[in-house]
Amino acid sequence: MGLLSLIVFLPLLGAIILLLFPQGADKAIRMFSLLIFAVVFVISLPLYFNFDSTLSTLQFEEQIQWIEGINASYHIGVDGISVLLVLLTTFLGPIVCLSTWTNVQIRIKEFYISLLMLQTGMLGAFVAFDLLLFYIFWEVMLIPMFLLIGVWGAENRIYAAVKFFLFTMVGSLFMFLAGLYLYNVVGSFELTVLYDAVTTHSIPADVQFWLFAAFALSFAIKVPVFPLHTWLPDAHVQAPTAGSVILAGILLKMGTYGFIRFAIPLFPDAVVVFAPYMSTLAAIGIIYGALMALAQTDMKKLIAYSSVSHLGYVVLGLFAFNEAGKLSLHGAEGAIYQMLNHGLSTGALFLLVGVIYERRHTKAIAEFGGLAKVMPIYATIFMITMLSSIGLPGLNGFIGEFLILLGAFSANMTFGILGALGVVLGAVYMLVLYQRTFFGQITNDKNKDLKDLSLREVVVFIPLIIMMVVMGIFPNFFLSKMHATIEALPNIEIFVR
Amino acid sequence: MQFQVIYPGTILVVAAILVLMVQGFMKGDKRLSVSIVISVASVIVAIALMWQLFDVNQTFFKNALKVDDFGVFLALVALVGTLLSLLISATYLDQIKFKHAEYYALMLLAATGMVFMTISGDLLTFLIGLEIMSISIYILAGFNRDDVKSNESAMKYFILGAFSTGFLLFGISLVYGASGTIIISEIGQTQSPLMIIGLGFILVGFLFKVGAVPFQGWVPDVYEGSPTPITAFMAVGVKTAGFAAFIRIILVAFSGYTEEWFMVLQIVAVLSMIVGNVIAISQRNLKRLLAYSSIAHTGYMLLAFAAAKTDPNMGSSSIIFYLFTYTFTVVGAFAAIIASGKETLEDIAGYAYKKKLMGAVMAICFFSLAGIPSTAGFMGKLFVFMTAIDQQLYWASIIGIITSMVSVYYYLRVVVYLYMKQEDETAGALAIHWDLGLASVLSVAGIFVLGLIPQSVIQIILTTYQTILP
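Just so you know, the protein sequences line up as chains F and Y, in that order. Be aware that the first sequence starts at 0, since it is given in numbering that gives the first Met the number 0, and climbs by one per residue. Be aware that the second sequence starts at 0, since it is given in numbering that gives the first Met the number 0, and climbs by one per residue.
The following block holds chain Y by itself, in its conformation from the complex:
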């Protein structure tokens, strides 16, 4: 049993090493095809192994790992996000003609970090997981090295990310100093003013990683400059792993300081919703638009997080469900953007008539982002606002709803360009690889399943909170 819990992480590392070794034995395009097969297969195996860990609910390696349904479910979400991001990568690498298989190895390593973050039982495991994930993604952000923007985004992400990790580490040290332990479930027993300062620093690190206001400055540039599949990967994987770890730390270790983090998170949530949704209106570049939209969606999740003050069960369940719905929606949207080969609104004019299915995928994903009923995005918002109303966060909810109205405008504009503007005749349609098609189909299926028959998923999620308690 003890080793079984590290199988999912291990298989990803082994696969990453395998991908790197393949480079020495093969030539040309073959390397890439073999690499993607290895990566996809290993992630699928990791998902299967992770699935086995449901109902384990124990700590391992002297509290270094805490395998519970909460962590397992979020690890699954992160792995699904990884899988979908892997599937949309080949088409993109083909487009930019930059064929190096290290890309896949780095993605697998980042996924390893995410898996360990979600099931970490002490702050050290958490930090190591975070660093493995972050460093891989710093490199991936600059992977398109001939492109100035990609370089800029890697640099920016790295420098700011390193700073935020510094804050985080300092916070962890303070908490350790105050409580004398790094085990998350034991920290909560300490009462000390140092803990509050530590909490502040930890929150800075967290809000930076998930891209919430006022630490959102890096998001648009990094999202725009990074290779598109990596942008998707950041939006789903990093966010999921970040929320997983911090929900655990804040709800368990800081359960005695609810007043403090409740106020901070509520304000940050409202600001994120406003800033994200309002600035997104003026964006003409789809990647930047989705970057601001991701800030706004973080805001919605933080609203549920704030509501976790009085009802941690519903709060954490809403966030988990939202992350799950967001995974399918965002990867689907980026898949369609990659398929179009374009990045600005003007360039996708009439695209839906050139490629009917990809156009429909893009429209469905943007409707889901806007939270139109029958899509996953609506169900996600339903649970978030239901929780917020239930916990009497009326003003924050009303502001959230008003910013949602704003967001409908810019999401709708994408659909307007897709279906109602004159076609751009000059550009020929690009070839789409089978794996990108598969990713789009999976995303759309996920959007509709979660939007129409979410019952079975919700049932699992609603029991997860109990398991993180010591």
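Pulled out of the complex, with its shape left as it was, chain F reads as follows:
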């Protein structure tokens, strides 16, 4: 059992141990889950620091024969892309856990069990290098998320939970069939074998179209790409704060990660054909998400639509193919960087909304105003997070958006322009939100006695803020990790400018 397996399965083990805790031992349950999340984060640090960024191959690799009859193996490892996402997941874990300290009051044990199982599912999906194994983790994480929304969510939670589950399931079942077809052609679920098979052109182009369509549908629902995004606002608004943070912070990345890991390198011929359409949808998503965000009166819904817009950038970067069918290095790197940024800043935004929701039990923007007067620390943290989200230079969001736009411009001018327009709109809706919530006089008496952040809450936000600044000032520290991997993406040619 290697380090990576330990990281993946420690949360599951924690969940099983939690079962033995007596009902009502709330404090112990919380402390124990926090401990598990923290330990997972600490032991995942060596992954990052011992990661050799000059290599494009898998590191911390583990491979065990699993189902011999069908050539499926338990094959896990990290490369330059997944190591960052694994770190993001383990980093957000303890933060989310700490943020739930007081706002989850019913069925506490079950809540933390779901949270820990979700962690295992997400980590597993990021490290799996076997299609079948990936599929299992990919689907397994649906169940805890479904329960998180459906049990601990708001009034309309059941509708949102079922919608979330069914949408994702529809996509994944088509991916399941396409995966089986791929297996039938290649004879293995092993990702490296699949990559090799594609390199030797054993899959005809017309078949690739169908397979790409099936994989892309599944990932596009998860991202979500316009027009498949309708489940997202519902899920976000109904989910408890922790659920929203994980959903926005990590779960959505599953879709974009799936694109760069499976859909793009596995079907190179189809990708070139589909790239303009995907970019168009991404550009529509960017503008549409931003406009919808402008029109929202509910904070969570606003941030949910901003997610649609931001993930549009990621997709735009991932499909920044030029006319020669080459992928822009800047676009791809920016996309992955933006995945991390979005995880931090949108995760933090949902946490911030959770803070105010816990105090006032409403998320309607109209209920607030002048909060900066009573909650100065909260206003400051909100300000930094918001600036990170709209891409202010010096903070992390800027680097990602800049690289993506650079890639988009060098690949296709139109998409570059549309993307840049989205940046402006992004600034508008976020600043309007900030102004209406924090500036001016306190108009609502209920807000007069609001307490500022407690020490625990400040502790929740400090690591996030630090990371936003660090990622904004030293981007190369992170970009260097993924560089070799992206250049060596199988079956995809890269261009620099």
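Keep in mind that the hints were calculated from the coordinates and are not lab data. Any given hint might turn out to be false.
[Said to hold, decoys possible] Using C-beta positions, here's what the derived DEER-type ranges look like:
id: 1; chain 1: Y; residue 1: E422; chain 2: F; residue 2: D51; range: 34 to 42 Å
id: 2; chain 1: Y; residue 1: I95; chain 2: F; residue 2: L454; range: 56 to 64 Å
id: 3; chain 1: Y; residue 1: L468; chain 2: F; residue 2: E60; range: 55 to 63 Å
id: 4; chain 1: F; residue 1: L12; chain 2: Y; residue 2: S455; range: 22 to 30 Å
id: 5; chain 1: Y; residue 1: L437; chain 2: F; residue 2: V184; range: 41 to 49 Å
id: 6; chain 1: F; residue 1: I63; chain 2: Y; residue 2: Q188; range: 44 to 52 Å
id: 7; chain 1: Y; residue 1: D346; chain 2: F; residue 2: N155; range: 21 to 29 Å
id: 8; chain 1: F; residue 1: I283; chain 2: Y; residue 2: I459; range: 50 to 58 Å
id: 9; chain 1: Y; residue 1: K29; chain 2: F; residue 2: Y158; range: 24 to 32 Å
id: 10; chain 1: F; residue 1: I416; chain 2: Y; residue 2: E422; range: 36 to 44 Å
id: 11; chain 1: F; residue 1: E60; chain 2: Y; residue 2: Q51; range: 40 to 48 Å
id: 12; chain 1: Y; residue 1: L437; chain 2: F; residue 2: Y158; range: 32 to 40 Å
id: 13; chain 1: Y; residue 1: S32; chain 2: F; residue 2: E357; range: 49 to 57 Å
[Claimed, not checked] Chain F regions said to be covered by chain Y (calculated; three or more residues, Cβ under 8 Å):
id: 14; segment: 137 to 150
id: 15; segment: 159 to 170
id: 16; segment: 176 to 185
Ideal Cβ placement from N, Cα and C applies to all residues, glycine included.
Guided by the hints, dock chain Y onto chain F, whose structure is given.
Same frame as chain F, now just chain Y:
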């Protein structure tokens, strides 16, 4: 050796007689406890004896029995299904306050029939096994005799079942008339138009027994009306024995008529998947819901059966594996339904908070039925669709996947009621017997073992097809 092969069947018959004799010597509740101990012990012994028969691969009693790995494995699956159904029976009999130990004797007799069906070498042994099994189950379906629905289901099952047996027998006669033999491995050498008509009649009998469209009419009513453990027993035991016998007959005796049965089975598979999964959406009664779901699951197995046209090895292996996964899943689901003492969706609202473990068992079983990865149901579906894709049944596979999506909705709804609806405060939680708990634990263990580490089972299954060939 010759007698060793009938030990498993014999021990079950002896135990059944013993159970009946016990009634004369004991009184009150003791009779039931002794009966269940005898029954469970005899099934365990039968499993152990059956296990000894692996690698025998011979015919006995002038071809009346053909003991091969294929038959032995499926007999084991049927016996495991019997064991699990026996374990969930006591709690149910307690609930309906209808304590007659003949129930156990009949279950053992039905199991005997199943064992002989799976290892039958000629059509006569097969038919006798089928009748022993069916007649016992007709009685069991109506065992809750104070209940109108139970009576209705017994009547319906008996009349329709008798008809289907008539068809089957007629088919067998035609095949005998054409080929001059009832030995399954020798029939295949004959070419005659009579054989095709015979095949048609035999298929009718088969599709009726496993509850496939268009012979599915009896399934919902009989599943709903029968005592719940018997419903589980029908879903796992009868289906396993039915598939075992018919895979053998159709793949061996009718190997020259693949075109004919391939088309029929493919169409029936698609229709079963659609009808089962679509009608299940509107069901509020869990037993009826599982009845329609069982029609759909039959459809998935028939899809693999159709794929056996070109790759009989993978086809039959997928069906066997699916039956094995289905056994644990379904008995677990029925165990949880019995434990809740309720039958409708509304009644189980919030049940998972009243009885945490049983609620989790029910949720896991329904996730497995829906084919969510890491459960046995997923692995079963994986092999079925893998085989179907491999044999280029693309349209049937796509329809199968779409109906699976539909099915996720109604399985998920059960979980929604379990965990997300307001608790029904009025009803108190029922007592659960230890044996029902044991059955649930075994089912959940089976679901996860087959769902996560199926390697050893698959290895055995993949070699079974070779052994049925003459």
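Comparing the hints with the structure gives:
A hinted range of 34 to 42 Å for the beta carbons of Y:E422 and F:D51 is inconsistent with their spacing of about 55 Å. A beta carbon spacing of about 60 Å between Y:I95 and F:L454 agrees with the range 56 to 64 Å that was offered as a hint. With their beta carbons about 43 Å apart, Y:L468 and F:E60 fall outside the hinted range of 55 to 63 Å. Here the CB-CB span from F:L12 to Y:S455 is close to 24 Å, well matched to the stated 22 to 30 Å.
Remark: the range hint 41 to 49 Å for Y:L437 to F:V184 is upheld by a beta-carbon distance near 45 Å. Checked against the given bound of 44 to 52 Å, the beta carbons of F:I63 and Y:Q188, roughly 47 Å apart, stay inside it. For Y:D346 and F:N155, the hinted distance range of 21 to 29 Å is satisfied, since their beta carbons lie about 24 Å from each other. A C-beta distance of roughly 53 Å is found between F:I283 and Y:I459, which places it inside the suggested range of 50 to 58 Å.
Remark: the range hint 24 to 32 Å for Y:K29 to F:Y158 is contradicted by a beta-carbon distance near 53 Å. Range check, F:I416 to Y:E422: Cβ separation about 56 Å, and the 36 to 44 Å hint is violated. For F:E60 and Y:Q51, the Cβ-Cβ distance of about 43 Å falls inside the hinted range of 40 to 48 Å, so the restraint holds. Separation of Y:L437 from F:Y158 is about 38 Å and conforms to the stated range, judged on CB atoms against 32 to 40 Å.
The hint said 49 to 57 Å for the Cβ distance between Y:S32 and F:E357, and at roughly 55 Å that hint holds. For the segment 137 to 150 of chain F, the assignment as covered by chain Y holds, since 9 residues bring a beta-carbon within under 8 Å of that chain's beta-carbons and 3 suffice. Under the rule that three or more residues need a Cβ within less than 8 Å of chain Y, the assignment of the segment 159 to 170 of chain F holds, with 6 such residues. Evaluation of the coverage hint for the segment 176 to 185 of chain F: fulfilled, as 5 residues show C-beta separations to chain Y shorter than 8 Å, against a requirement of three.
The structure fails to meet hints 1, 3, 9 and 10 from the earlier list, while all remaining hints are met.
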